[in-house]
Every structure is written in structure tokens, then in C-alpha cells.
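If you want the building blocks of each chain, they are given just below.
Number of protein chains: 2
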Amino acid sequence: MARGRCVPFVLGVPALDSFPVRTWARLTARQWRRNPRNLMLPDDGAGYRPLREAIAEYAYTARGVRCTADQVIVTAGAIQGIALAARLLLDRGDQVWMEEPGFSPARAAFTAVGAAVLPVPVDQEGLDVTFGLGVAPKARMAFVTPSFQAPMGTIMSLARRLALLDWAASAGSWVIEDDYNGEFRYDGRPLSSMQGLEHPGAGQVIYLGTFSKTIFPALRLGYIVVPPGYGDAFSRARLSMDRHSPVAEQAVLADFIQEGHFARHVRAMRRLYQERQERFVALARRELGDSMIVEPAPSGMRLLGWLPPGVSDVRVADLAASRGIDVLPLSRLCLSRPPRNALLLGYVPFSHSETERGLRTLAQCLRSSEA
Amino acid sequence: MARGRCVPFVLGVPALDSFPVRTWARLTARQWRRNPRNLMLPDDGAGYRPLREAIAEYAYTARGVRCTADQVIVTAGAIQGIALAARLLLDRGDQVWMEEPGFSPARAAFTAVGAAVLPVPVDQEGLDVTFGLGVAPKARMAFVTPSFQAPMGTIMSLARRLALLDWAASAGSWVIEDDYNGEFRYDGRPLSSMQGLEHPGAGQVIYLGTFSKTIFPALRLGYIVVPPGYGDAFSRARLSMDRHSPVAEQAVLADFIQEGHFARHVRAMRRLYQERQERFVALARRELGDSMIVEPAPSGMRLLGWLPPGVSDVRVADLAASRGIDVLPLSRLCLSRPPRNALLLGYVPFSHSETERGLRTLAQCLRSSEA
Numbered sequence: 070m071a072r073g074r075c076v077p078f079v080l081g082v083p084a085l086d087s088f089p090v091r092t093w094a095r096l097t098a099r100q101w102r103r104n105p106r107n108l109m110l111p112d113d114g115a116g117y118r119p120l121r122e123a124i125a126e127y128a129y130t131a132r133g134v135r136c137t138a139d140q141v142i143v144t145a146g147a148i149q150g151i152a153l154a155a156r157l158l159l160d161r162g163d164q165v166w167m168e169e170p171g172f173s174p175a176r177a178a179f180t181a182v183g184a185a186v187l188p189v190p191v192d193q194e195g196l197d198v199t200f201g202l203g204v205a206p207k208a209r210m211a212f213v214t215p216s217f218q219a220p221m222g223t224i225m226s227l228a229r230r231l232a233l234l235d236w237a238a239s240a241g242s243w244v245i246e247d248d249y250n251g252e253f254r255y256d257g258r259p260l261s262s263m264q265g266l267e268h269p270g271a272g273q274v275i276y277l278g279t280f281s282k283t284i285f286p287a288l289r290l291g292y293i294v295v296p297p298g299y300g301d302a303f304s305r306a307r308l309s310m311d312r313h314s315p316v317a318e319q320a321v322l323a324d325f326i327q328e329g330h331f332a333r334h335v336r337a338m339r340r341l342y343q344e345r346q347e348r349f350v351a352l353a354r355r356e357l358g359d360s361m362i363v364e365p366a367p368s369g370m371r372l373l374g375w376l377p378p379g380v381s382d383v384r385v386a387d388l389a390a391s392r393g394i395d396v397l398p399l400s401r402l403c404l405s406r407p408p409r410n411a412l413l414l415g416y417v418p419f420s421h422s423e424t425e426r427g428l429r430t431l432a433q434c435l436r437s438s439e440a
Numbered sequence: 070m071a072r073g074r075c076v077p078f079v080l081g082v083p084a085l086d087s088f089p090v091r092t093w094a095r096l097t098a099r100q101w102r103r104n105p106r107n108l109m110l111p112d113d114g115a116g117y118r119p120l121r122e123a124i125a126e127y128a129y130t131a132r133g134v135r136c137t138a139d140q141v142i143v144t145a146g147a148i149q150g151i152a153l154a155a156r157l158l159l160d161r162g163d164q165v166w167m168e169e170p171g172f173s174p175a176r177a178a179f180t181a182v183g184a185a186v187l188p189v190p191v192d193q194e195g196l197d198v199t200f201g202l203g204v205a206p207k208a209r210m211a212f213v214t215p216s217f218q219a220p221m222g223t224i225m226s227l228a229r230r231l232a233l234l235d236w237a238a239s240a241g242s243w244v245i246e247d248d249y250n251g252e253f254r255y256d257g258r259p260l261s262s263m264q265g266l267e268h269p270g271a272g273q274v275i276y277l278g279t280f281s282k283t284i285f286p287a288l289r290l291g292y293i294v295v296p297p298g299y300g301d302a303f304s305r306a307r308l309s310m311d312r313h314s315p316v317a318e319q320a321v322l323a324d325f326i327q328e329g330h331f332a333r334h335v336r337a338m339r340r341l342y343q344e345r346q347e348r349f350v351a352l353a354r355r356e357l358g359d360s361m362i363v364e365p366a367p368s369g370m371r372l373l374g375w376l377p378p379g380v381s382d383v384r385v386a387d388l389a390a391s392r393g394i395d396v397l398p399l400s401r402l403c404l405s406r407p408p409r410n411a412l413l414l415g416y417v418p419f420s421h422s423e424t425e426r427g428l429r430t431l432a433q434c435l436r437s438s439e440a
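Residue numbers (my numbering), protein chains in the order written: chain A, 70 to 440; chain B, 70 to 440.
It should be emphasised that the hints constitute simulated quantities derived from the structure, not laboratory data.
Glycine included, each C-beta is placed from N, C-alpha and C at the ideal position.
Keep in mind that a hint or two might mislead.
[Claimed, not checked] One side only, chain A facing chain B, incomplete, derived with CB under 7 Å:
(1) 75
(2) 105
(3) 149
(4) 311
(5) 315
(6) 357
Same shape as in the complex, but just chain A (with noise of 0.2 Å):
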């Protein structure tokens, strides 16, 4: 995404005006004020001690997350992740189960270490385990975005994880948890962590979480917890890469966790995102109609609109671009054609007025390219 361009209904961007922008900036001049040689000096690549200690213990509170801080090694954002758990653990020609439709950044991490990606379909449960263990019993690997599938946005079911850590389990493959917006569930508790599902011991779930939504996208934190004995060798990967992240943003970010102001903001950003995802379902209900069908979701950042039959995403996508509303088509995601058309639409960071703006241009795209 090209800077500054927070256009409707772009994705991923969080309600950025409702960040603590004051506590941040005043935790960072506490931080070099008080701490200057620490942020300068380098790291090893497992990253910043303290984070690590509170995200140990933020990752088990808030999502069941079972590790000490050993296991903790902090990313660049789950891509990183994703990038530093291919190169470990996959060689080249192994089989990886990846969502369908699913993840596109992740399948390219995957194949960039020579990786064979199969897609496995993903249905109203989430991952279609059957259908993997059909396919591809003794893949090395499965990617799985539980909590918010990525793009479809269904919660996968207790029983398909418990049927994939079964898998995983008597394989000996691994299951990486991307935790996408696993933070933000609206009608009630979420569902823990499949790494916190897992029988103890086990070790074969690599958990991913990011401070991208959580925080703010051009933080570029992130984490993943690895089994137990598996740091030293993910810290050495990191170092090969590009060595570690900043140590200044590290060090804010562990103040900011230990300090209760991240609980805080997320719990507000829940309450926030609810509200703000029940005015644009009623405003895309008013503007649309019929032409783009907007189902309320219970997590996430992001809903999907369903086009009429025959009706092509990418075009409307391309006609919406050109009148400056960004919208995802969601067949771009899908390596088989998808069942429908939809288009996937960002909404937490847009006021009223922008997304009624954003939402009568995009029924005016929608109306020209039925004509």
C-alpha cells in the first residue's frame, strides 16, 4: 500500500485517530531518556528481552497461549514469521496444506523455499481436514488463520482443530496458527489459541501474532512462539535475515503491554470496531441494497460484500480504483474460482461520512458495471 492512502475501504488499517498517540510518544522520550545505550546497542535475534517476558504473558491471558519467554521471538509482523518457520522447518518438495481460499503472502512464503503448496478448501468450519488427509496425509506443514479465517473470515470449529492437532500430532507435521484478529470477537469469549488447545508437550504448533492491528501497521512487530527448545535456532534464522528488530520500538512497546495501556486499547478497539461494523452494515444495507450483500461478522477488521451473479469483483474493483475507493477483490485470493464474486472491505478506520461517501461511489461502480 502507497503512503498515506487511507482511502475506503482499504484493509488493515486500524481506527488509527483512536490510538493513545500521547501515551506512545511520551513512553518513548521516558525511553531514551532513561535508557539511551540499551536502544542503540545490537540485540540477539530473538529480540528484546522485556518484550519477550510480556508478550509471554499478554499471549497466555488473552489467548491461552502456553510458552515462557524463551519461546517467544519477535518478528517483523506475522510475514516474517511466516518466512523465518518456511525456512526452518520446510525443505524443498515438502507439502504444505494452505487455506483455499487463503493467505496469498503466506502461499509465496512457502513456496519461496521450493515448498509444494496444495490448497485445502475451507468451509463454514474453517480447514476441510478431511479433505487434506485425503489429499496429502503426510504434508510437512498446514497454515491456518483460526480465529478470523483470512479472507473468508469464519471461525474455524473446535473439532476441526482438534482434528488437526490429531493430524499434526500422529504426522509429526507441523500446524502454524496465524492468530489473525484473534484480539477482535464481538459476540463473546473468542475460542483460545490451538497452541493452547495443544496436548502438553506435543510441540507441533508455531503460533503467530501481530501488533500491526493491534497496535498500528507501521510498527512492524510481531511475534511467534515456537516449541519449547526451538528458540536458539529461530533467533539464528533471524540474525541470518536481517539480524532483529529496532530496539527502541521493542523497548515502548514492552513499557506500553506492562503498563496496561495495550489491554486497555484493545478492549476499547473491540467495543469501538462492534459499533463501527454495525453502522456500516446498516449503511451499506441503505446504499446498496441488493446489489452487495454485507453480512454482520463476529470478529475481524474487515467484511465481505457479495456481488449478484455475473457480476466480476475484480472489475468493480478496477472501476472503484479508479474513482479512489480501494477495494480487494476476493477472487484475487482464491487459486481455484471462487463461489461467488465478493469484495472484501475494510471499515474500522472510516468516520460516518467517509464510509456513506465511500459506499455511494462504490453502488455507483456496482450500477455501471451491470449496465
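With chain A held as given, fit chain B onto it using these hints.
Leaving out everything else, chain B in the frame of chain A:
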């Protein structure tokens, strides 16, 4: 390197006590006050535009690099720049000339994409181009550190630079110019970059710079300069690896360069490092005499300590490590056996008394390893 370790004579740490921390903190606070939204939004893979502009200007003025901001890609440091170039410009099986001895993380980056790395010896004039022509005239790429050969510290002669550029132009091959320590030349004006020597329009050189040595290592910012027309491909490749570097630090660094703090700091460090090198050489002669020969170097932040024949650099380094002294054995950086054993010694961040104590400990280690 593990956190907090700045023991004598660790490599790669600048004189942090002389860094203008207050200026940096002030510029950081100002960015967060004036510009918060900009620091939080996602960017494109090439990096923050004002920083790319500041780098293009600086690289021309200081290093004779000819480019526009479109050719500048901000990286998380030199290693990531090498990895990007390897990923985009090499195919599996391609041959790469690599300095021997050489910068092992570069070797690892080429190997990671399946390239065949060929060691090409380094002599007093730098990379032996004639040797390279003999063993692999059709290599796809050559990696060089012409300003300060890593680890030998020799400066590549003009004749060799021109020979390498001639070969690259006629073979259609790439030259990766890692301008390691290009800023720190003590015996006069440094040679300008090979990128600037290249025939205009040739476009065979990828130039790499880093701020790890000139600002501080934990910043994790560097850059590559690519030929015209290659910016978008490198930007997309960076997006697919880890998106982009954090924006806040890029914005602060842009201000730091544009407002003249950077040029002033580099000038001050050049004087300081020259003094510290003279002090180090004098103290080493006094404390170690003939048991470790340290000769002054015209450039860089480290020196070579040559050991008597038959003394193992690895053994001395192990002994030193057990006594809290960090030195790197030269033989660790060589695929083949080095002509003579030596230690690499960082000298710039240490006080007179730290240097003195460190050298005394090292003298004891040498005596016990000779015994």
C-alpha cells in the same frame, strides 16, 4: 550478539557515548507531535519517501553515488539488502564470486537462494579479478567490499575496480558493492563508490549502505541503490519479505540527515576513531609487543591482530571469551586456511582503561596459549 554485551573488543559497535542522543530524542518527539498519523500508516516496500530523498542526496555528496530517490530502497540493514538482491537477481545454480576471506552472512544469503558461491582470493589490491575470470568468467554476480575489505581491511585499487566493472559490463553480470565503512577513511579523501565510477547507463552495480555503524546498530536501517527501473521490483520483494521498515525511525533519520546532524556526527566520529585507533595501536604495542602485531589501518572500526606462527586464533579467542573478552578469529571467516592466524578487534567504543585492561587480559591469554 547478546544484549548488553559491549565488552572489548566486540565488532560492529560504534562509539555510542558520542552519539547525540538528545538531538535524536528531540527529533523523535517532534515527529510524534507533528506527524503521528504518518508514522502509523502502512508504507510501500521501498521505504519512507523523505528518507529516500535524503539518502539519494547524501550518497551522492558523500560517496559519489549517482541516483534518484526512486532508485533508493530502505532496508533493515546490509544483510537484508544482500538477501533482496540475491532473491531478485539470482537463479538456482548461478555462480557468484565471493571475496575470500569474506563477509560470511553474504555467503549465506547467496547459498540460501541456491547459488554456487565461488571463493575468489583477496590480495593487497582487493578482489583478484583475474582469478575470478579464470575460474568463472560467466558468473552472474560478484560481491565486493571495496572501501574496507571485510575482514582484511584492504581498500580495492582503482585498477581492480575498473577491471571488475569492465567484466560486469561485458558479461552482463551484477556487482554487489557493499560500501562497508565507506564513511571512515583516515588518510585522506576516500575513493568514491564503484557505483559512481560505472559508465552512465551501465546499471550493473547494486550499492549497499548501512546506518548501523554511522548512527547505531539497533536502529536497523540501511539502504540499497538499484539501477533505474529496478525500484518497483525491489519494493515489491521487500513487501513480500517483511513489508517495510518501521516508519517512525525512518522519519527521524530523514530529519537527522536533512538538518545536518548526520554529516556533523560522521565528521566527528572520523576524528574520534582515528584518535582511538592511534591509541589502540600504541597500547597494543606496549602490552603485547611481538606476540600480537597490530598495524594501523587507513579505514574502518576494527583492526587485525596478527598472531605468531603456530598460535591458533580460535584457541586464543576461546580463552579470551572465558575471561570476558570478545575477539573474532580470522580463520572463522575463511573457507580455506588463512595465510596466517589473526584476531579481529573492534576498538572504537572503548575507553582508555577498558582498552588497556582488555589488552592485558588478551596478553595473558596469548601467553597461556603459547605455553
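Okay, the hints, checked on the actual structure:
1. The beta carbon of residue 75(A) is positioned within 7 Å of a beta carbon in chain B (closest approach about 6 Å), and the interface hint is therefore held.
2. Because the closest C-beta pair between residue 105(A) and chain B is about 4 Å apart, less than 7 Å, the hint holds.
3. The beta carbon of residue 149(A) comes within 4 Å of a beta carbon in chain B, closer than 7 Å, and the hint placing it at the interface holds.
4. The interface hint given for residue 311(A) holds, since its Cβ lies 4 Å from the closest Cβ of chain B, which is under the 7 Å cut-off.
5. Nearest Cβ of chain B to the Cβ of residue 315(A): about 5 Å, under the 7 Å cut. The hint holds.
6. Residue-level restraint check for residue 357(A) is violated (minimum Cβ-Cβ distance to chain B is 27 Å; threshold 7 Å).
Of the numbered hints listed earlier, the single one contradicted by the structure is hint 6.
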